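S.K.: Sequence:
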Amino acid sequence: MPKPLTKRRTYQDNGKASTSPQVPGRNSRLPREDTRAEVNELARDSNLIERIQRDIAALGLVGEENNGLLTYIVYSSRKQTGPPSIIIKGPSSSGKDKVQRVPARLIPDDDVYDLMSITPQALYYGEDGWLKNKIMLGGERSHDDNPMQRDKTAAIRQMLSHGYITKATVEEGKAKYIRQDGPIVYSETTTKNSIFKEDANRCFQIETDDSDQLTQRVKAEIAARYKGESATTAEDLEEIIEQHHEFQNSLEPVRVRIPYADALEKFTPDKIEMRRFLEKIFAVIEAVVVLHQHQRTSNKHDWLVATLEDYAVVRPLLLEPMHTALGLGKKYKRYEGIIGELPRGTFTTTAAEEKFPNRMACHRALGALEKAGLLKCLQKGTSHKSARWRWTGTSIGELVLPSVERLRNCVTTAK
1 MPKPLTKRRT YQDNGKASTS PQVPGRNSRL PREDTRAEVN ELARDSNLIE
51 RIQRDIAALG LVGEENNGLL TYIVYSSRKQ TGPPSIIIKG PSSSGKDKVQ
101 RVPARLIPDD DVYDLMSITP QALYYGEDGW LKNKIMLGGE RSHDDNPMQR
151 DKTAAIRQML SHGYITKATV EEGKAKYIRQ DGPIVYSETT TKNSIFKEDA
201 NRCFQIETDD SDQLTQRVKA EIAARYKGES ATTAEDLEEI IEQHHEFQNS
251 LEPVRVRIPY ADALEKFTPD KIEMRRFLEK IFAVIEAVVV LHQHQRTSNK
301 HDWLVATLED YAVVRPLLLE PMHTALGLGK KYKRYEGIIG ELPRGTFTTT
351 AAEEKFPNRM ACHRALGALE KAGLLKCLQK GTSHKSARWR WTGTSIGELV
401 LPSVERLRNC VTTAK
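With the first letter of the sequence shown counted as 1, position 59 gets the number 59 in this note's numbering; the numbers rise by one all the way through.
There may be inaccurate statements among the hints.
The calculated lysine to any residue pairs, modelled on SDA-like cross-linking and capped at a C-alpha distance of 20 Å, are [unchecked claim]:
#1 Lys331 to His294
#2 Lys132 to Thr81
#3 Lys271 to Gly397
#4 Lys333 to Val404
#5 Lys134 to Gly82
#6 Lys355 to Gly381
#7 Lys380 to Ala368
#8 Lys333 to Gly381
#9 Lys134 to Ser250
#10 Lys371 to Arg275
#11 Lys132 to His245
#12 Lys174 to Tyr125
#13 Lys266 to His245
#14 Lys376 to Arg390
#15 Lys266 to Ser250
#16 Lys371 to Thr349
#17 Lys300 to Ile258
#18 Lys219 to Asp97
#19 Lys371 to Arg390
#20 Lys355 to Glu370
#21 Lys300 to Arg315
#22 Lys266 to Asp45
#23 Lys134 to Ile178
#24 Lys134 to Lys219
#25 Lys331 to Glu405
#26 Lys385 to Phe347
#27 Lys331 to Lys300
#28 Lys132 to Gly163
#29 Lys331 to Asp210
#30 Lys333 to Gly373
#31 Lys134 to His245
#32 Lys266 to Leu251
#33 Lys376 to Gly329
#34 Lys371 to Glu273
#35 Lys333 to Lys219
Label pairs and their calculated CB-CB ranges [to be verified]:
#36 Arg275 to Ser386: 30 to 38 Å
#37 Lys385 to Arg275: 36 to 44 Å
#38 Asp97 to Glu398: 30 to 38 Å
#39 Asp97 to Val305: 31 to 39 Å
#40 Arg51 to Asp262: 48 to 56 Å
Since the hints were derived computationally from the structure, they do not count as laboratory data.
This structure is a prediction, so every number in the text was calculated from the model and none was measured.
Where is the CB? At the ideal position from N, CA and C, for every residue including glycine.
Assemble the whole structure, with the sequences as input and the hints as a guide.
M.R.: Have a look at this one:
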């Protein structure tokens, strides 16, 4: 399990430079052919992503395949420049802690700080470099949402945005300058539906599955464990954890080229939030490449090249958090049915109301579809006249992220 911050971990500067595209020209440390024989079997698994999902499930995360995998990938980005962070949302008892902490068991202990409570000044006063390339597992977010509580998370926000934090203070009557370098990967859990915007737009938000179907699966798994019928033994778990720790320790920061980056940018929403989220999307693609670095050869410029298969891994994992940030939220899939029921072309609110059980449900759905960019209001409604609407032509399936096939067509055309 990740160690609590009771025994301070010592940071040693080993000269590893950050090597993402934002800092071209720095020396990269790419996997060498003569060291590939030394990495463990997990690093060479041709079905690595499926293997990671199986191992996360073996450690006790029932269901939540996408959320568990995304969390593991985000944690694996910690050695890159600008790694993403994650907030796990859901009602009480829905498994938020498991989504956060089961993948963390597969990360070496020295790279994880388990901080269930963080005071506002705590991040400034560790040893130099104690946060660099680390994962911080925060506890449950405070239910308070007031200026004082927002100030408590200011240092974390600044670290996520800038990759370092600074502070001027007074010590023994003299001014003192403090700087702590990152970057860090941060995760926390919350039962709150609404999160302070300045915190929310710095992290991917994922939501746990609170369905009856998953509850039945979880109950069956618990019963099997107590009945002695668990498919995984304690020895199996120890071996899985050891293999992942060896694998993670073997990963180096790498320079990643994403040849379809311009096409991906073109087909994402032109909302101001995308100024932050586009980099986070690219960071997750980078992390998938990082995980496969022992199976790939760098190009002539010493970059590893992301493939469309890497994007095919990432896209289904990010659809829900991107819809939460920019579109229709966790329940975006149910809007597919609503869209199918609504009139085509141009229509009025009165015509749409016929498809809903009540006016409130209709107005809520139309407002959500407009906010997401699927509908455009041509004329506001009045007390005597119904509002008029027109479809924008955007597909809900590609509202926040383009399909793999669309990117493939763009890359093929560019060639």
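S.K.: Hint compliance check: list the failing hint numbers for this structure, sorted ascending.
M.R.: Violated hints: 1, 8, 13, 15, 21, 22, 24, 25, 27, 32, 35 and 40; rest satisfied.
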